[in-house]
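Protein chains in written order, with the numbering used here: chain A, 250 to 773; chain B, 528 to 891.
Please keep in mind that the hints were generated in silico from the structure rather than gathered at the bench.
Please note that the accuracy of each hint is not assured.
Covered by chain A, according to a simulated footprint, are these stretches of chain B (three or more residues, beta-carbon under 8 Å) [claimed, not checked]:
hint, region
1, 533 to 541
2, 594 to 603
3, 854 to 865
Pairwise CB distance ranges, derived in the manner of DEER restraints [to be verified]:
hint, chain 1, residue 1, chain 2, residue 2, range
4, A, Met587, B, Ile796, 53 to 59 Å
5, B, Lys540, A, Ala389, 23 to 29 Å
6, A, Phe348, B, Leu686, 21 to 27 Å
7, B, Thr869, A, Pro522, 48 to 54 Å
8, A, Gly626, B, Ile796, 50 to 56 Å
9, B, Ile737, A, Met639, 27 to 33 Å
10, A, Pro286, B, Asn672, 43 to 49 Å
11, A, Pro522, B, Lys540, 41 to 47 Å
12, A, Met639, B, Ile796, 52 to 58 Å
13, A, Ala392, B, Gly730, 57 to 63 Å
Even for Gly, the Cβ is constructed at its ideal location relative to N, Cα and C.
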Amino acid sequence: MSAEGQPANSLLLAVGQLTKLFGTFAACNGINLDIRPGEIHALLGENGAGKSTLVKMLFGVLAPTSGQIVWQGQPVRITSPSAARKLGIGMVFQHFSLFEALTVAENIALSMDPGVSLAKIAKEASDLSHAYGLPLDPHAHVADLSVGERQRIEIVRALLQNPKLIILDEPTSVLTPQEADRLFETLNKLKAEGRSVLYISHRLEEVQRICDRATVLRHGKVTGACDPRQETPSSLARMMVGSDVAHVSAEGTNSKGTVKLEARHLSAAARTPFAVALKNICLKVHAGEVLAIAGVAGNGQGELFDALSGEYPVASDDVILISDKPVGTRGINARRLMGASFVPEERHGHAAVSALSLSDNLILARSQSDRRAFLGGGPLGLIRQDAVKMAAKRISSAMDVRKSGENPPAGSLSGGNLQKFIVGRELDRQPTVLIVNQPTWGVDAGAASRIRQALVDLAKSGSAVLVISQDLDEIFEVATEIAVISEGKLSDIYPASELSREKIGLLMGGMYGKTETAETAHAH
Amino acid sequence: MRIELERRPDVSKLFSILSPFIALGLTLIFGGIMFMMLGKDPIAALYSFFIEPLTEVWSLHELAIKAAPLILIAVGLSVCYRSNNWNIGAEGQFIMGAIAGSILPVVFYEWQSPLVLPLMMLLGMLGGALFAGIPAFLKAHLNTNEILTSLMLVYVAQLFLDWLVRGPWRNPGGMNFPETRTFDATAILPEMIASGRAHWGFGFAIIAAILVWFMMRYTLKGFEITVLGQSQRAGRFAGFSSRKMIWFSMLLSGALAGLAGIAEVSGAIQQLRPVISPGYGFTAIIVAFLGRLNPLGIVVAGLVLALTYLGGEAVQVSLQISDKPIRVFQGLLLFFVLSCDTLIHYKIRMMWYDLSETAGKGIR
């Protein structure tokens, strides 16, 4: 769909029938895309729609199987990121490639031509960052910087190459709403200078706000090209998902019961130099409640999960209580035996072992809590494969897990289906306490709404549910109570109905209102 | 140009089964080329290397004697490697097992009883396990790299044995040769069948292989080993302790290596000497991988590698060449096993670029 009425050579970039095959799987299938000079162009799509594959081909990380890329009227082959940079394409990845132990200037120097002095780079970076409203201290160590500041390094690093096109991959997924606003101002400045931006996102609201045009991908194909401002969020969502997504119903979850999960002044030192220490965390989750903990990635969510699950028990017993019993020093299986269940953030290699079958992955979480059903032979601990396989089958059908074959390896399932299995594996136990970290991270919209509904239903049936999530949409869908974690500290808990996005955004920045003065907490 | 390993979308079942055989075939071809370059007739050389030892009863017994320690050690190593603990020091654990088991027949040589033999075996296992406990402790509590520590301890064990047989344990009636006294008949591991020399060490190896196979296949412990080997984090989520697994796998493989050591000394050598192993502990690493870390596969692989020892001795006699071809053969075999396995899971892609077509100038 080359823009009509636009001569091809006035386009900055035109992509024609670009295809990338992995084996027989087409991650990108005949993609057409064009970008004009001085526009912010959105690339919309769910996780797994082929967005990342497409931009990796544009940035020379992956080689296309077929199709062509035309840059300023010339067909080109982009064989490496440095070739892309030489053409004038800059990229800011979703996962930063920064060395935490080095300074900002040193990190930038690593991507520049050798022979430029560090002092010169520091000066240029500092000038540039101020010009675009992205203040950065070039001599600060990356380890000491917030995620938002780290992203600025990546942006400045890309800008130093004086690119004509900047690709941003899900830039706001790690930012507070306020930080995101700042980023949008920068993008508008870039646009005013005549540079183009390819903006990858699945957040419709953002796209409508800042993007001039949008290309929508689904299952590796272009399903729509439009002006996002002319569309409604639901029409965009339909292009992305292919159908209307079931709405999560959270009604009737407000009956509070007894406290099932409690943390009393929970503190834990950081295990590694780059981890976050937990500071004096207090929370209570009642039966029938869904407490959601919001926060920007890397503010102690993983550490909080580790402490509450008992993967890394803490030093004293009475700072964590499950059903009023102190469990702080007990391991994860002891806590499971008290009726708690856990879903960690990372699916592969944490919640599940990719190379093992689904039934093996069921034993992974339940070898002790379902000892009587799954193990035989007394001290020998023989695994009763038939019983386990039956349970795995039951879970798959309860959660509508789509899979190839009876008992395939976990790694062969799509993210959404594996996550449904992992959540189903815990729900199948009817836990009294469920702790979930990022329940729908990287999961397609259909599976996400299925999982969210299951969490709400579990709370309705009288269990206590704790959801740690970065996704504010998700939080507002499932939560009855909301707290915010920032730099290892937890805010007060508010009823979900009393909080707005703006208030959460302030809390994410570390402004707790009651306990601390706002100015000191928000230093940068 | 750039060479890439690209993961194959699906792995051929047929070729995963054939892989060890392809590796064997390639080893034979390249081994033949090596003999040719040495100026020998490759067919005759390969015949005396690989076939001749299988044609006589006595040499089949020798095969079992050589295979026993290889299988015992490799079975233990398979548990280590599957759980992601890289014990490279089985040679040292083999030697320490032999030394610990020899305490009774060397120091307390006057005590003769049917209890001696079982106690020797137990002491041998204990010695090997304790020696493997050193790298286990260092890894579990000080986070050292077990590959380095276990390997370095091999030299400690070798020198300790050397010192013992030249010093305190030297046979007083042995004309000053660096050997201990020969073991009493009650301290000698009996033969398995009457037709030849093969002792019960081979029986131990088969029993150990079956028991470990059963554990890996059917029990929660085996599951724990697999999970921790694949992902420590998932293991922690399951409530398995990777620290305990370091101890378990290292002590188990140390005990089996120690048992191999004392069985070899008691059954085949019948005294301690400065050198009691032609590198069994290292060759067992090849056995473990050739057997795909599967205890039953290891039994077969152990017999194959034992054949390279016998064949190596045979060609020394018949073709008048040095013992180095044994090591070359074993090296070739390991190389081909690992590369066949890699190529089954990955394919090689050469990426040729026409530099004139690349956009942008000055890209080298």
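Unsatisfied constraints (hint numbers, rising): Failing hints, ascending: 2, 3, 5, 6, 7, 8 and 10.
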